[in-house]
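Residue-level listing of the chains:
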Amino acid sequence: DIQMTQSPSSLPASIGDTVTITCRASQTIRRYLNWYQQKPGKAPKLLIYAASSLQSGVPSRFSGSGSGTEFTLTITSLQPEDFATYYCQQSYSSPHTFGQGTDLEIK
Amino acid sequence: EVQLVESGGGLVQPGRSLRLSCTVSGFTFGDYAINWVRQAPGKGLEWVGFIRSKAYGETTDYATSVKGRFTISRDDSKSIAYLQMNSLKTEDTAVYYCTRQTTYYYDSGTSYYFDYWGQGTLVTVSS
Chain Z
112 DIQMTQSPSS LPASIGDTVT ITCRASQTIR RYLNWYQQKP GKAPKLLIYA ASSLQSGVPS
172 RFSGSGSGTE FTLTITSLQP EDFATYYCQQ SYSSPHTFGQ GTDLEIK
Chain L
2 EVQLVESGGG LVQPGRSLRL SCTVSGFTFG DYAINWVRQA PGKGLEWVGF IRSKAYGETT
62 DYATSVKGRF TISRDDSKSI AYLQMNSLKT EDTAVYYCTR QTTYYYDSGT SYYFDYWGQG
122 TLVTVSS
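So the protein lines, in turn, are chains Z and L. First residue of the first sequence? That's 112 in this note's numbering, and the numbers climb one at a time after it. First residue of the second sequence? That's 2 in this note's numbering, and the numbers climb one at a time after it.
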């Protein structure tokens, strides 16, 4: 199974900050990497697929990059609604593993 | 409007069975694979398994943790996917989500993402 490791696990930040979350795969997954946002008590929401393609309706302050085994999710000019938990997921091979999550918290 | 609605969750004793349903509307159910993802209380997301569309043989695949105990099926005439859970363990306690899998073509290959999710249904396995 491909292991997905996110860092950091917790990320304190302030409104207006730019933050970056990293996701590493235990083997190459080319660019088959998705990012999701989850708020408490809600289902996850797709933000980015194919490492850098923005899902329709997602604000442009969200961006993704990377290939192979290392990927990043960057959020610029943090808004209050961005404080949530973020998960990466590899879609290269089954089982379709998720990272352990990164809690983006208000500093 | 695309909707996925899970039902069938509840409290069940260890070793017993439970069947979850995922009722879909707003898109052609038969054209899509459906996945199940779970989330234990206070924990992260865990992929459970999926079923491909009829065009791909309705084949299934499962996480190692549930293989042999869980079975996913679908009824395209009713737009419902099912997750049959047998021999339940306390560690199966979680919110269970069904998701629509959308396939895309990229860099001479195909991949997918989960673009629509249900609201989840809680399964509690406890004596």
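If you are wondering where the hints come from, they were derived from the structure by calculation, not from laboratory data. Some hints here could point you the wrong way.
Quick list of in silico lysine to aspartate or glutamate cross-link-like pairs, EDC-like style, CA-CA up to 20 Å [stated by the list, open to error]:
| no. | chain 1 | residue 1 | chain 2 | residue 2 |
| --- | --- | --- | --- | --- |
| 1 | L | K90 | L | D32 |
| 2 | Z | K150 | Z | D112 |
| 3 | L | K44 | L | E2 |
| 4 | Z | K156 | Z | D112 |
| 5 | Z | K153 | Z | D112 |
| 6 | Z | K150 | L | D32 |
| 7 | Z | K150 | Z | D214 |
| 8 | L | K55 | L | D77 |
| 9 | Z | K218 | Z | D112 |
| 10 | Z | K156 | L | E2 |
| 11 | Z | K218 | Z | E181 |
| 12 | L | K79 | L | D32 |
| 13 | Z | K156 | L | E92 |
| 14 | L | K44 | Z | D214 |
| 15 | Z | K156 | L | D77 |
| 16 | Z | K153 | L | D77 |
| 17 | Z | K153 | L | E47 |
| 18 | Z | K156 | Z | E192 |
| 19 | Z | K153 | L | E2 |
| 20 | L | K44 | Z | E216 |
| 21 | Z | K153 | Z | D128 |
| 22 | L | K68 | Z | D112 |
| 23 | L | K55 | L | E92 |
| 24 | Z | K150 | Z | E192 |
| 25 | Z | K218 | Z | D193 |
| 26 | Z | K150 | L | D77 |
Every value quoted in this text rests on a predicted model; they were computed, and no experiment measured them.
Exercise for the section: Determine which of the earlier numbered hints do not hold for this structure and return their numbers in increasing order. Expected result: 1, 2, 3, 4, 5, 6, 9, 11, 13, 15, 16, 21, 23 and 26
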